[in-house]
Amino acid sequence: MLKNILRKIFGRPEAKPEVKKTEDKGQRQNNNTGRQQSGQDRQRHDQRPQGNRGRDRTDKPGQGRGQKPEDARRFEKGSKPERGQRPGNDQRSRPAQNPEDRQRREGRPGAGGTQETDRAQRPERGQRPENRQRQERRPRSDGARTAEKPKETRVQDTSWDISQYVVPPAPEKNRFHDFDIRPEVMHAISDLGFQYCTPIQAGILPKALEGLDSAGRAQTGTGKTAAFLIAIITRLLNNPLKEPQRKSPRALILAPTRELAMQIKKDADAFLKYTNLKVLAVLGGMEYREQKEVLAEGEIDIVVATPGRLLDFKKQGNIHLDKIEILVIDEADRMLDMGFIPDVRRIIESTPPKTQRQTMLFSATLTPEVNRLASRWTTEPNVVEIEPERVVVKTIKQVFYLTTDIEKFKILYNLITKRGLDRVIVFANRKDTARDLKDHLSSHGINCSLLSGDVEQLRRVKRLESFRSGGINVLVATDVAARGLHVEGISHVVNFTLPENPEDYVHRIGRTGRAGAEGTSISFATETDAYFLPAIKQYLGEDIPSTYPEDDLLTPLPEPKFPLPQKSRQRRRYPRHGGHGSHGQGGGHHERRPNQGQ
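Going by the numbering used here, 485 is the number at position 485 of the sequence shown; the sequence numbering is gapless.
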């Protein structure tokens with residue numbers, strides 16, 4: 001049957017010898033008679049009309065579509081198709097191949113060398129030959145840390161001497177020279193420009209450097225963070241470890257908020273500048289994988305953490321607290337208010353007993369609840385209470401404007417534009433109030449940003465850095481920015497809504513007037529929250545008179561430059577352009593009574 005089909009297609013004689021199926025490729029190539037006959041058949045096939053070729057492709061039983069007998073013999077069992085060739089393709093339709101390429105592919109010696117040599121010299125797909133070795137050594141670029149990443153080390157500046165840090169003695173003032181502080185730390189203190197200790201530093205450092213427990217009370221911005229950081233770093237340097245320990249920090253600092261934890265970590269980096277100690281911030285909302293890998297790869301000496309993320313890491317075995325030597329609880333009163341005390345208690349139970357560790361507790365107020373916690377977690381602490389002459393520093397000018405909920409946005413806009421304010425923090429009690437306020441300011445062309453609990457941590461960091469560098473002029477925030485946020489050059493703090501807690505008022509306006517600089521605090525007292533004023537003034541210990549806004553602050557609003565987002569349009573709380581209080585065009589509804597939601 002096959003012979004009849006071949007005779008009908010190619011006109012071959014019946015006496016043509018049939019190639020055995022067991023014949024290999026080399027035997028076929030050595031058969032000169034077969035090659036000559038195949039060449040003649042191929043020539044006759046190419047000279048036939050185009051129509052005959054079409055008839056050759058008709059499907060017949062036992063023959064595939066377009067399959068030629070030469071292909072059938074070539075691809076019989078025991079032989080392999082050439083590279084890039086499928087068994088059913090017509091080899092005659094392919095262009096002629098270079099003999100050197102065929103020799104190189106088949107592994108025979110020739111101009112192209114052996115197959116092994118060619119494979120070793122051939123570059124990978126999409127890769128230049130000269131860059132091959134370089135690409136093999138290139139680390140991963142997926143953003144994750146690799147084990148081969150070199151460890152960051154800080155080299156001590158041996159050219160610096162304590163004699164270069166000159167601070168003359170002064171009556172009733174303590175210098176850092178008067179304490180047994182390591183030269184590496186003194187070098188960092190000199191770079192920071194510190195000269196004399198603040199009262200809380202002078203009271204805490206002597207006992208803390210000896211390893212005794214401490215409990216300190218001082219208002220915000222008095223330098224208590226520097227006090228416990230200097231004590232921690234000096235003690236760790238004086239007592240180096242004989243063997244490194246992974247996932248087991250030596251010092252732990254607990255903070256109630258992410259912003260405060262990040263600020264402490266930033267201050268620690270400044271004091272660790274000339275040491276090889278390492279600090280890590282363990283906090284929620286950002287860099288979970290990176291924090292985990294840093295703990296697993298290297299030896300971390302100091303950890304600054306918020307309770308939630310630290311407990312998560314501890315539960316998964318990413319960190320061990322059984323070798324903690326120094327424990328610091330910062331803003332203990334804030335921990336109590338935010339309900340973190342159960343979490344803090346679980347963390348402290350994982351550390352060594354209080355007789356085997358040094359514990360320092362700091363708070364803006366030492367309430368009876370805080371005192372009970374101090375007695376439970378410390379051993380005969382050195383209690384230092386700094387009674388301020390005033391609750392608010394003298395460098396802050398406080399102003400209370402009597403206005404309405406509808407007019408206060410107009411006053412705020414005119415205050416920023418007509419007074420030329422370029423670095424302002426505006427506080428609101430509620431997250432939705434802060435969001436709407438930011439949208440309205442942006443629609444009127446004010447360069448501002450939002451900082452609240454709804455903003456993820458990575459964006460908070462970027463916005464804070466932009467505010468520090470001057471890329472943002474107005475920061476609208478809730479009380480998440482009231483503590484632990486230190487930005488130099490803040491000229492004004494505006495309480496768009498008065499806080500319910502008088503202590504929060506002090507912490508808010510404490511963002512300005514820092515380090516002896518002058519600042520201004522402006523608070524709006526409206527029909528919604530004016531009843532908070534008596535408690536605030538009583539806490540301040542002074543009767544600050546309330547006034548009405550100046551005439552230039554009551555100028556009608558201009559037309560918005562940009563449209564409002566849909567949500568802010570649906571919850572319009574402020575008058576449209578040209579509005580004058582309740583008689584303006586399309587005045588908004590009154591703001592709801594604020595609460596402490598952030």
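Check each hint, because a few of them may be wrong.
[Stated by the list, open to error] Below, computed lysine-lysine pairings styled on BS3-like, alpha-carbon distance capped at 30 Å: (1) 207 to 292; (2) 278 to 265; (3) 292 to 173; (4) 247 to 173; (5) 431 to 561; (6) 173 to 242; (7) 418 to 397; (8) 242 to 273; (9) 431 to 462; (10) 537 to 561; (11) 394 to 315; (12) 323 to 354; (13) 394 to 266; (14) 265 to 242; (15) 273 to 462; (16) 266 to 397; (17) 354 to 394; (18) 418 to 561; (19) 278 to 323; (20) 292 to 314; (21) 431 to 537; (22) 431 to 354; (23) 292 to 273; (24) 265 to 394; (25) 247 to 207.
[Unchecked claim] Just the calculated beta-carbon pair ranges, DEER-fashion: (26) 541 to 316: 31 to 37 Å; (27) 162 to 245: 29 to 35 Å; (28) 422 to 221: 19 to 25 Å; (29) 542 to 245: 51 to 57 Å; (30) 238 to 453: 36 to 42 Å.
Everything labelled a hint here was simulated from the structure, so no lab data went into it.
Each residue gets a CB set at the ideal place from its N, CA and C atoms; glycine is no exception.
Checked hints:
Under the criterion of a C-alpha separation no larger than 30 Å, the hint pairing residue 207 with residue 292 is inconsistent with the structure, at around 34 Å. Restraint check for residue 278 and residue 265: satisfied, since their Cα atoms lie roughly 10 Å apart, inside the 30 Å limit. In summary, the hint linking residue 292 to residue 173 is not supported, as the alpha carbons are separated by about 44 Å, beyond the 30 Å threshold. A distance of roughly 41 Å separates the Cα atoms of residue 247 and residue 173; the hinted pair therefore is violated under the 30 Å criterion.
With a C-alpha separation of about 24 Å, the suggested pairing of residue 431 with residue 561 holds against the 30 Å cut-off. In summary, the hint linking residue 173 to residue 242 is not supported, as the alpha carbons are separated by about 38 Å, beyond the 30 Å threshold. Proposed proximity of residue 418 and residue 397 is supported: the alpha carbons are some 19 Å apart, at most 30 Å. A hinted pair counts as satisfied when its Cα atoms are at most 30 Å apart, and residue 242 with residue 273 qualifies at roughly 22 Å.
Between residue 431 and residue 462 the alpha-carbon distance is near 19 Å, which keeps this suggested pair within the 30 Å criterion. Distance check on the hinted pair: residue 537 and residue 561 sit about 39 Å apart at the alpha-carbon level, beyond 30 Å; violated. Of the supplied pair hints, the one linking residue 394 and residue 315 is violated, its CA atoms being roughly 47 Å apart against a limit of 30 Å. Taking the CA atoms of residue 323 and residue 354, the gap is near 12 Å; set against the 30 Å cutoff, the hint holds.
At roughly 27 Å between alpha-carbon atoms, residue 394 and residue 266 fall within 30 Å of each other, so this suggested pair holds. Only pairs whose Cα atoms come within 30 Å are accepted, and residue 265 paired with residue 242 is accepted, the gap being roughly 25 Å. Taking the CA atoms of residue 273 and residue 462, the gap is about 23 Å. The hint holds against a cut of 30 Å. Proposed proximity of residue 266 and residue 397 is supported: the alpha carbons are some 29 Å apart, at most 30 Å.
Proposed proximity of residue 354 and residue 394 is contradicted: the alpha carbons are some 40 Å apart, above 30 Å. Distance check on the hinted pair: residue 418 and residue 561 sit about 17 Å apart at the alpha-carbon level, within 30 Å; holds. Simply put, residue 278 and residue 323 have alpha-carbon atoms about 16 Å apart, close enough for the 30 Å limit, and the pair holds. At roughly 11 Å between alpha-carbon atoms, residue 292 and residue 314 fall within 30 Å of each other, so this suggested pair holds.
Restraint check for residue 431 and residue 537: the C-alpha separation of about 26 Å stays at or below 30 Å, so the hint holds. This hinted pair does not check out: residue 431 and residue 354 have alpha carbons roughly 40 Å apart, beyond 30 Å. For the hint linking residue 292 to residue 273, the alpha-carbon distance of about 24 Å falls within 30 Å, and the restraint holds. A hinted pair counts as satisfied when its Cα atoms are at most 30 Å apart, and residue 265 with residue 394 qualifies at roughly 29 Å.
Restraint check: the Cα-Cα separation between residue 247 and residue 207 comes to about 29 Å, which is no more than 30 Å; the hinted pair holds. As the Cβ distance of residue 541 to residue 316 is approximately 48 Å, the hint placing it in 31 to 37 Å is violated. A C-beta distance of roughly 31 Å is found between residue 162 and residue 245, which places it inside the suggested range of 29 to 35 Å. For the pair residue 422 and residue 221, the supplied restraint of 19 to 25 Å holds, since their beta-carbon distance comes to about 22 Å.
Our hint of 51 to 57 Å for residue 542 and residue 245 holds, since their Cβ atoms are close to 52 Å apart. Checked against the given bound of 36 to 42 Å, the beta carbons of residue 238 and residue 453, roughly 41 Å apart, stay inside it.
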